[in-house]
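J.: Taken in sequence, the protein lines are chains A and B. Its first residue numbered 27, the first sequence is counted upward by one per residue in the working numbering. Its first residue numbered 27, the second sequence is counted upward by one per residue in the working numbering.
Misleading hints may appear alongside valid ones.
DSS-like, lysine-lysine: derived pairs with alpha carbons at most 27 angstroms apart [unchecked claim]:
| id | chain 1 | residue 1 | chain 2 | residue 2 |
| --- | --- | --- | --- | --- |
| 1 | B | Lys663 | A | Lys346 |
| 2 | A | Lys604 | B | Lys346 |
| 3 | A | Lys574 | B | Lys604 |
| 4 | B | Lys349 | A | Lys604 |
| 5 | A | Lys200 | B | Lys177 |
| 6 | A | Lys634 | B | Lys346 |
| 7 | A | Lys658 | B | Lys177 |
| 8 | B | Lys416 | A | Lys604 |
| 9 | B | Lys656 | A | Lys656 |
| 10 | B | Lys663 | A | Lys566 |
| 11 | A | Lys663 | B | Lys177 |
Chain A stretches covered by chain B per the calculated footprint, using a threshold of three residues with CB under 8 angstroms from any CB of chain B [to be verified]:
| id | stretch |
| --- | --- |
| 12 | 168-175 |
| 13 | 457-465 |
Covered by chain A, per the in silico footprint, the following chain B stretches (three or more residues, Cβ under 8 angstroms) [as the list claims (entries may be wrong)]:
| id | stretch |
| --- | --- |
| 14 | 29-40 |
| 15 | 147-155 |
| 16 | 239-248 |
| 17 | 322-336 |
| 18 | 399-409 |
| 19 | 455-464 |
| 20 | 516-530 |
It should be emphasised that the hints constitute simulated quantities derived from the structure, not laboratory data. Glycine included, every Cβ here is placed at the ideal spot set by N, Cα and C.
Each chain is listed here by its residues.
Number of protein chains: 2
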Amino acid sequence: MSNLKKLFNPGSIAVVGASQESGKVGNVITKNLLELGYTGKVFFVNPKHDKIYDQRSYKSLGEIAEKIDLAIIVLPAKIVVPVIRESAGRVKNFVVISAGFSETDEEGREREKELEALAVEKELNILGPNCLGFIIPKLNLNASFAGGMPKAGNVSFVSQSGALAVAIMDIARKENIKFSNIISVGNKMRIDEAEILEYLSQDEGTKVIGMYLEGIKNGPKFIRVAQKVSRIKPIIIIKAGKTEKAQQAISSHTGALAGSDDIMDAVFEKTGVLRAENLADLFALIELVSNTQAPKTNQVAVVTNAGGPGVLTTDAFGGKEIKLGDPNDGIKNKLREFLPAESSVANPIDLLGDAMEDRYAQALDVLDSMEGLGALVCVLTPQDQTPVSKIADRIIAFRDKTDKLVATIFIGGERVERSVAKLKENGIPNFSFPDLAVRAINEYYAWNRRRTADQSGAESAEPIVVDASRQENIAAIIGKAREEKRGALSFPEAQKIMAMYGIKTPSVTDIGAGDSLPEGIGFPAVMKVDSDKVLHKTDKQGVILNIKNREELEKAYAQMEDNFPGERFIIQPMLAIKTELIAGIKIDGIFGPIVVYGLGGIYTEVFKMVDFLVSPGSIQEVKASLAQGKLKFLFEKTRGQAPYDIEGVSKILFGLSLLAREAAEIKELDINPLLVYNDGKEAVAVDVKIII
Amino acid sequence: MSNLKKLFNPGSIAVVGASQESGKVGNVITKNLLELGYTGKVFFVNPKHDKIYDQRSYKSLGEIAEKIDLAIIVLPAKIVVPVIRESAGRVKNFVVISAGFSETDEEGREREKELEALAVEKELNILGPNCLGFIIPKLNLNASFAGGMPKAGNVSFVSQSGALAVAIMDIARKENIKFSNIISVGNKMRIDEAEILEYLSQDEGTKVIGMYLEGIKNGPKFIRVAQKVSRIKPIIIIKAGKTEKAQQAISSHTGALAGSDDIMDAVFEKTGVLRAENLADLFALIELVSNTQAPKTNQVAVVTNAGGPGVLTTDAFGGKEIKLGDPNDGIKNKLREFLPAESSVANPIDLLGDAMEDRYAQALDVLDSMEGLGALVCVLTPQDQTPVSKIADRIIAFRDKTDKLVATIFIGGERVERSVAKLKENGIPNFSFPDLAVRAINEYYAWNRRRTADQSGAESAEPIVVDASRQENIAAIIGKAREEKRGALSFPEAQKIMAMYGIKTPSVTDIGAGDSLPEGIGFPAVMKVDSDKVLHKTDKQGVILNIKNREELEKAYAQMEDNFPGERFIIQPMLAIKTELIAGIKIDGIFGPIVVYGLGGIYTEVFKMVDFLVSPGSIQEVKASLAQGKLKFLFEKTRGQAPYDIEGVSKILFGLSLLAREAAEIKELDINPLLVYNDGKEAVAVDVKIII
């Protein structure tokens, strides 16, 4: 990965396309560099002028004798490549503000390819093109065409939308959110979200990384980097573009079950990224993480001066990992010492509507000694007599002496406004409503818990080694099918591949076109057409089940030959059905091969009990996914029912993930049904469709 | 229902417990009535003083010669009843502010009963006790102990939490939400949410009713009234107390599946109440409904000056009834006439970051002519050059000439603050983030659609007549079981009751304790213990399935007699299983008997495909619930599978609802499984458990 340190910490900057003319993008950047306190050297390049704001205007980058750490390019798209090429020998870091690249038309896409080739050849770091630039408040450096300078702090925000970055800076000013970096990534030609994550993970001033993304440039790289960075700092992403776009035609059943947004969720889950559901959620999480340490336990105490908001806060804990802790009798007695008789000392602690600042402070002090507590939340509604500001002061003072996460939910308008501002200035996150607060604390806790768990187990997974002989064998099978111009493998071919990965299939009798039926077939049996032209066999009556004897078999064969003249058929034993799963491989446009698995049967789409495995690193990872996923009920003992074989299913799914890695020729794979048992029998892949 | 018009529009008010002493509740109310502009007559009652704020202080209500429309009682709990009794002959409307009633202890509960008896006897309207009072801004009447006077408008807010009402007024001031009534209902002794809804539905100044509720006083009354009022005005309720409290022990399977909050959802759905998910949602809905007419169609157009927020807005439409409409070519061409080439003219219309007010105005004008459009939403992020205020002006001007709903999503902080305030002052709802806006518009649209549909079909349902002879027969069966001290009916008894409601059960052979097995039993068969002591038969091995012949039957009987000495048994034919449902009756603490139904089988709890019927008014209502509910997939043709018999299942479920009405003795009822078919066979209630 490229070293972006110089790009984002330049000692000298040249603006190519600098301007004194108001209304021009180049002018905004020029003024931002001159007026906001940046202390590095700034050079202006514009051949049309001699001076810009009383500074020399150079004809070209080449004219500048001094060292240039960063060049900001604000030129018409057409001349961007030549200008960069000219100086690529001595300038290595660029921000290309100019639009007119791959976001436009064919010409623009060509232009971007050219720029990219240049960057690769000359080893250049290029942010953009088509971006807003970046801002580093600590350096008073606004290398963007957005006005103003946010407060310096520990939040890095990375945006694929320049406009949203501007709006977010405006909101942040009001909410007292302080930034270490604001980076607009534009077309992400060379520097994509993964590169930025890698850089920010090393940036000492950054405690939390927020991102607005519409797409992921390189799926596997993103997974690798996000997984690593998540263990160091929380990554909070708002991913836009959830609504499904029309997908390409998909011929496998499992493929159709895996929406791209579901896969995104699975990737975020796997990598430990916190997904913000919306902008409110994004701000809540950023504010919380920026200002507090993650709660060490999942136990939370809530104090409130109002019953209703207390109930709403309690509701917000429903389905969360964090819980309202139970104060023991010692704590309750201490609370009773100073609280009125009508107060509730069960969590949430109701201080009553007439609570003054002392009651809040005393309650917090008592609760601070509650064993195993991770966080304290103060709820307040501004009754006429409520000393809002004094209460805020006491909460601030308490925060200074506790090791627990402290957050507030002051619900109101003008009556709380100034105190909320004070809380925020003092680094106490305040949330307007209970559910935002509880959700954010829950996510923060879960991030920290996962990170701790990850760190203990992360090193143990063995690296996956590709089995070259298997690859060769598969290539031979697929090569033959391709020679015969088939789009899918026959069942016997698929069966061979399954066997290589230890996946059991039923024994099969192969009937070539026009063959007569062999003797010795066991009953009950199933007869199926086996052709790459009949992919949805069941729908097209290409499967006859429960054939009981020779006579029925002959009738079935006659019927099949009638329906599918010239095709091959297979006969399988009719297996006992206990539970049907479905499993397969889908090639995702961003993340590559994904293993999809879920509950099968005719209501697969109704129940949508489907989960995903994105390049699992080990069979243990698969097992953990199964044990926590939507199918976990199968692997638990329920109502006298024996659990299904989780080891066996894990082996099969991990096998599929290996196959996906080893056989890039496979476009889709569908095992439907995968019969699983809870009586010791091995799972069987009854039908296997492999599209090549 | 009582007439509350005088209570909430009093021409004269007496404050009993008035006070000049700062810090006292009576003082706040006294000052609120004197200082905020109320023009009715105000009398003060306080025997300890001669004058209060230069007005005469009466010794008692009796001393006041003039007519008193309303008395506000701010006295110690102990003397509330005697004071009201004394004046009950001439004062009919009371607000009891005083706490110390059923919210406290046994003594308080007794006191409240006494007060209620008095109210019934003397036909008094009493708001409270233990309430904040109420506020009618139009009359400048603050009959509460919250300070200040909200702006007058068309929003009524009813709160079970006084503190939350105060916080909401404070937020409303900032958000420019204007009120017709703010009513704190306290303990809801006589005037509960249903009474208030009834009153507010007739209150001309009220367009939308918002409520914070922790409980529902009288379930059936609430359903009746809410259903009626919802057809007139939107009711938006935030219902707190979602998290399940420990329930009483429940012996039926269906009973355990029906959480009280799920039932609340079903009631809100049935009655057309909009349930706010949280406070942000409540405010969004109130602001929208207060200021706009419901969209007439579900087609929405969005204009934006920023791509990212446009994508986020598009995302918010996922899963909603409202949709982004497709502009036709005519509209697109008109948009292209004035938009830059890089603009997108597909919905959302991207006006680009450099959009000035003209571009917004022109785009809105063009879109206004889009056929079938119901709403227009303007998204804005404040770029440096964006003329936020001028754009707001043009949107306001546009709103004045269109018949469509107009809303804005201005995303930002200081840069948009003043313009947002201007929009709100001019009655254009603004939402800070896209999803709040889209959800609120969707709910408003859905309310209006339902209301229109309801009004066309509402009168057609026939009233349900209780069948007295059935009631008698059931009472006899249950009476006999009770005499025998049984807690549940035997299967043959349950079978008789099922037959009365046209619900088919399998034929049964009854084996009394010690009986020998009769001849002529068909195979395969099932043998079960039939005892009120063995409610969970399957778990306790009280069911032997698939008995194939006489020999197996005799073995089974011997085993059963061993396991359950002295009990009765039944033999049923083993039926073919196609799909198992589960259905039953649960008595809800608030809403009475609820019919619960869902998908059966061993994974019932995993799939949680359960729905509820709250006193359905007709078989058509049941059918509609089935067709739209979680089981709808069964009644649709899917993947070559014939639909199940919706008429048959509706008949059974409606039969259960009739049974629930007619047999109050039934505590729980469980049909498990209810076998349903899609091949013309009639559904069968295989096992029926009736707890009495």
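J.: Which earlier hints turn out false for this structure, listed by number in ascending order?
T.: 1, 2, 4, 7, 8, 11, 14, 15, 16 and 20
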